[in-house]
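Participant: Residue strings, one per chain:
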Amino acid sequence: MRKKILIVVVILLAAVLLSGCTGSTTWFGLSVSGDVAYLANNTAVHAIDVKTGSELWSFSGEASGGFLSFGKSPKLFVVSPIVTEDGLVIIPSSGNDHILYAVDPRDIPDPAKPAPAITWKFADAKGHWIAEPLIVGDHLFAPNADGKIYVLDLADGQSVKQAVKVIEPFKNIEGQPGRLWAKPVTDGKRLYVTSLDHSVFAIDLETYEIVWHEDLGGAIPGSAVLGSDGMLYVGSYAKQLERFDPATGKHGPVLDAKGWIWGTPVVDGDNLYFGDVVSGVGGYFYSYNTKTGKLNSEPVKLDSEITASPLVLPDHILVATESGKIYAVNAEGSTLWFEPTKGKAYTTPVAADGEVLVSYIDSDYYLIALDNDGHKKWTFPAGK
Amino acid sequence: MKNPDNKPQPKQPELPQGFSTETLKTIAVIGLLVLAFTNWNAVIAVMVNAMILIYRIVGHNFGFAIILFTILIRVISWPLNAQQMKGATAMQEMQNDKEWQAIQKKYAKDREKLSQEQMRIYRERGINPFGSCLPTLIQFPILFALIPTITYAIGSTPLSLLRLSGYAYNFQNVASLLPLNSKFLWMDLGLPERTLLLGFSIPVLALIVGLTTYVQTKLTMPPAADPGANDQAAATSKMMGIYMPVMLFFFSLNYASGLAVYFITSNLLAIVQYAMMGRVNWRNLLPGGQKK
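Protein sequences, first through last, are from chains A and V.
Positions 1 to 384 (our numbering) are the ones given, in order, by the first sequence.
Positions 1 to 292 (our numbering) are the ones given, in order, by the second sequence.
Don't take every hint at face value.
Keeping only pairs whose Cα atoms sit at most 30 Å apart, straight-line, the calculated DSBU-like set for lysine-lysine is [what the hints assert, rightly or not]: (1) A:376 - A:113; (2) A:126 - V:183; (3) A:239 - V:183; (4) A:189 - A:291; (5) V:86 - V:105; (6) A:51 - A:325; (7) A:376 - A:325; (8) A:121 - V:183; (9) V:25 - V:113.
These are calculated hints, taken from the structure and not from any lab test.
Generate coordinates for the entire structure from the input sequences, incorporating the hints supplied.
Facilitator: As structure tokens, this is what we get:
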């Protein structure tokens, strides 16, 4: 009998291993505020001192009812946490609980196991939290994969004005709401939101009405950006960089990319930097001038896919690739150096106090701090 | 058959000594498994693209796509399943054989001799002891590849969506198709299913998975051998009848409900196949129905 139980266990384990369940569910969220970096590494959110790489606290949600609990499911933290002016850290859970937490790092109930106290939580969303929320004044605009933008009061996490004060965008052709995976942007008057279901729409911040809505013909996993020319730029799976007039929604393609544009383009003066995903080939880095409407240089072919947004530094631009290599490129498209590292870098790197933090999955560590020349300063966890 | 021209016939290749056709079959199966597991990404790519094609055909409904995909897998593996049933039945009938039972008693304390005698009987009756498990082994890659196939196709996380883009063949033009519509009936196939009933969050689909797996295992369980006999096959079936429903229930509890749809469809199709082959034992569902 023991032998047979062993066979069943082996089959189950093999199924789990071969289905890739032991790896990361998805890539990590990473943000920085002051001297603290916040890393959402699937199982928890870690607050890390950017000077030393040591952990200040970690948050893994509330204890669930365990394996047998019907209503609860494992937590999943993948969204880059954001910090409010009041010092609260907003942590959306991408697990099946669909909870968005606001925690207070100044309130650590048990110093032996440093975890911040929950100030409030919002649990009315019906889908995963994949998008980073946006703070506008004292409101939090939180897009959810259920196709709604939840507008919450930062003071208590309650829906603003009405019990269910949400903006429900369009329904796509198959009748399901658009999945919102990207952080909205604002010009102070309107909110510009992209949807995985091919759409870009503008919402009036006073009335919460949709002002315009346009279809790009391809999924949009990244955010829109407002260029120095006041235009709105959006990349998509349609392999085009699209320029919008934010007032009217009138739009047209300004650049044909070689692959899917995944990450949000980054604005640096008149320049826009972004990468793409060319399946089976790798990725290209683009440097586009919004003033001239032309590329500053030929697209730079990098060794693998680029899902992260580039990071603009004083001397160069950093580009993280799926292969784990971090490239330093200048605006003219020349590669200055690259740092080969074991693991996969899908997350946008962040800069903090003269250091660059890069997050990895399938690696010995979750986070590495590099100096300006690409040399390792510390890793998290330490000692790897 | 006569040779009218009296021309020398090409000599049939002879198997090396100790090699039977059954041995060759076993080697072929192992070879296929090694090929599949060493080209794992290719296996997943084929399945992902098959799923996307079906999704297009059924009008962008992922639920129907999974059901049709399951039917397709069942049709492809029909001969294997039939062979498995045949092998299992032969092994079961062997348990009731007088000579078999006699050697079990005679060599109960000499496992080596017992094993030799068992192999002798297998040879004499033309039974392959692996006849019921080899077809199952061939199906393992398909079963194992199903979890990533459904997970990637649904694309409910950024990484799974990126993986899907890597697996999709160019002709599929998935850019215009993504994201796939994961709504089916009351479910989002990318999430574990829970239904609010009387204020409780009930995993209806996982319960149906457990129930259909139990019913399928029970219905397809061969009749037990004589009580007291060393009925290993019956003991295995009984154990599977307990473990499989529990295992798949917990699997469905925490994984995307698209997988649960696959399990339920697969269970129902297995019952249909067994019924068509006249091998369903309805009495097994009754308390004490398995006893002869």
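Participant: For a C-alpha distance cap of 30 Å, please report whether residue 376 of chain A and residue 325 of chain A respect it.
Facilitator: holds (13 Å)
Participant: Does residue 51 of chain A pair with residue 325 of chain A here, judged by a C-alpha cut-off of 30 Å?
Facilitator: Distance ~23 Å between residue 51 of chain A and residue 325 of chain A Cα, so the pair holds.
Participant: Regarding the pair residue 86 of chain V and residue 105 of chain V, is the alpha-carbon distance no greater than 30 Å?
Facilitator: holds (26 Å)
Participant: Given the hinted pair residue 376 of chain A and residue 113 of chain A, is their Cα-Cα distance within 30 Å?
Facilitator: holds (29 Å)
Participant: Under the criterion that the straight-line Cα-Cα distance not exceed 30 Å, is the pair residue 239 of chain A, residue 183 of chain V satisfied?
Facilitator: Within the cut-off at roughly 27 Å; holds.
Participant: Are the Cα positions of residue 126 of chain A and residue 183 of chain V separated by 30 Å at most?
Facilitator: Status holds; Cα separation ~13 Å.
Participant: Please work out if residue 25 of chain V and residue 113 of chain V have their alpha carbons no farther apart than 30 Å.
Facilitator: holds (26 Å)
Participant: Between residue 189 of chain A and residue 291 of chain A, is the straight-line Cα distance small enough, at 30 Å or below?
Facilitator: The given pair, whose Cα atoms are some 24 Å apart, holds under the 30 Å limit.
Participant: Within a Cα-Cα threshold of 30 Å, do residue 121 of chain A and residue 183 of chain V meet the stated pairing?
Facilitator: holds (27 Å)
Hint check: no violations occur; every hint is consistent with the structure.
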